[in-house]
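Residue numbers (UniProt numbering), protein chains in the order written: chain A, 1 to 241; chain B, 1 to 241.
Please keep in mind that the hints were generated in silico from the structure rather than gathered at the bench. Just so you know, not all the hints are guaranteed correct.
As the list makes no split between identical chains, a pair holds if one copy fits it or if it spans any two.
[Unchecked claim] Listed below are the simulated DSS-like cross-link pairs for lysine-lysine, each with C-alpha atoms no more than 30 angstroms apart in a straight line:
{"id": "1", "residue 1": "K98", "residue 2": "K214"}
{"id": "2", "residue 1": "K98", "residue 2": "K215"}
{"id": "3", "residue 1": "K215", "residue 2": "K195"}
{"id": "4", "residue 1": "K215", "residue 2": "K86"}
{"id": "5", "residue 1": "K86", "residue 2": "K214"}
{"id": "6", "residue 1": "K98", "residue 2": "K137"}
{"id": "7", "residue 1": "K98", "residue 2": "K195"}
{"id": "8", "residue 1": "K215", "residue 2": "K137"}
{"id": "9", "residue 1": "K137", "residue 2": "K195"}
It should be emphasised that the depicted structure is a prediction, and the values quoted were computed from it without experimental measurement.
Protein chains: 2
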Amino acid sequence: MIRYLTARLAQQIDEELMSAAGAFSIDQLMELAGLACAQTLATAYRQDIYPRVLVCCGPGNQGGDGLVAARHLGMFGYQPTVYMPKPGNKDIYQRLKKQCENMEIPIIPPSEDIESLRRALHDSDVILDAIFGFSFKPPIRAPFDSVLPLLNQSRLPIVSVDIPSGWDVENGNELGVGLQPNVLISLTAPKEGVKDFIGRHFLGGRFVPEYLEKKFELHLPPYPGSDQIVELASDKTPTKY
Amino acid sequence: MIRYLTARLAQQIDEELMSAAGAFSIDQLMELAGLACAQTLATAYRQDIYPRVLVCCGPGNQGGDGLVAARHLGMFGYQPTVYMPKPGNKDIYQRLKKQCENMEIPIIPPSEDIESLRRALHDSDVILDAIFGFSFKPPIRAPFDSVLPLLNQSRLPIVSVDIPSGWDVENGNELGVGLQPNVLISLTAPKEGVKDFIGRHFLGGRFVPEYLEKKFELHLPPYPGSDQIVELASDKTPTKY
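Whenever a hint applies, use it, and build me the whole structure from the sequences.
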């Protein structure tokens, strides 16, 4: 059985990958993670039927994954729009944002009020939720306390990255205020909080070397061929691994 | 018709991508380029029939693409070995090498003589040629003047990255001392020197924004779905685009 990670373990694996010993740069990992997110969305929601993707980005690293995914989705022929009400200020964030701007991907200015989100939702076919990642801790702070209900109310299909936004990383949607995604893409390994998730569940982050997989007893499933994602469960079957 | 690039143009596009305006880091571009190389090899040479890949890396950026490709090939289930007789000393090179070591990918020590290459070839099923890229200028210097003939003599199938090693970037294999690859993976756009290449020809580097594609009149073909590579020509048909 695949291992479901606590927030602390997820953090530890990330740190090891980017330590001097692991030798990965954040640019590399974010590029592969974001690509996996974009490919998951493309697998679940065809470009000809769901062309307009609202990519919702949080202020942390997961927002960076979202910006990378938005760029790749643009390359795949989708029409992404980035909603990033609280932009991160790390240098990498600025560069990833610039790369989106260079692709002429619309970015909703953070200063605008919640009406801009309402309008964007009206003009979207599917949502990519890259708001909160495994370092999220409740409570949900402004402006996201107003954002999450709007996303749920939109009735648009939602693809969540790693942990649906608003869910506790270990205890899931216990407070009932989190997003209700149709599709989930776990990165590196799934988190404890998504054990009971029902829907299509993918795994991405095909960069964990065997020594780390063994050290943390991850029991990752094999990825098919040269794909960057593997489907763990469809919406009709329980988790395969 | 797709544009075939001079060495100067290829250099210019690379610089624009990594300028403040282009905003890409070398880590990002190398990761996507190396992934495209690995996926090309995996498409042309199945892992169950050609498991042992000798990844030959030069001292420049293309050697870096090779190291990234070696890592991804390891992830895909291949058994890569890295041959890097003249390691680059940029920091990124060291990190990419460490990532390979972490995957327990054998790296032939650079100090060893040409016999180590002979042995490695004997134990390989296919070669990934990431020795010289678009900044190569003849003559071929030691140790590569001995390396290239050995690779050709091995009769192993060869997948070359961007420009087959030993070919002039603009004039091709005019001196007749270059590799004779079966498969070519051009990055960003093909180079003038490979216009007459016969074999399977792929394109990778799905990161060129439209404004650069237009500025340099690249006329890139569409990539299929969410793939990172597109086949330009099979070995039996002329270039499609």
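Results of checking the hints against the structure:
1. K98 to K214: between (38 angstroms within a copy, 18 angstroms between copies)
2. K98 to K215: between (38 angstroms within a copy, 18 angstroms between copies)
3. K215 to K195: within (22 angstroms within a copy, 49 angstroms between copies)
4. K215 to K86: Close neither inside one copy (36 angstroms) nor across copies (33 angstroms); limit 30 angstroms.
5. K86 to K214: neither (37 angstroms within a copy, 33 angstroms between copies)
6. K98 to K137: within (29 angstroms within a copy, 34 angstroms between copies)
7. K98 to K195: This pair counts as neither: shortest intra-copy Cα distance 36 angstroms, inter-copy 34 angstroms.
8. K215 to K137: Cα proximity of K215 and K137: one copy only (26 angstroms, versus 46 angstroms across).
9. K137 to K195: within (18 angstroms within a copy, 56 angstroms between copies)
Hints 4, 5 and 7 from the list above are not met by this structure, while the remaining hints are.
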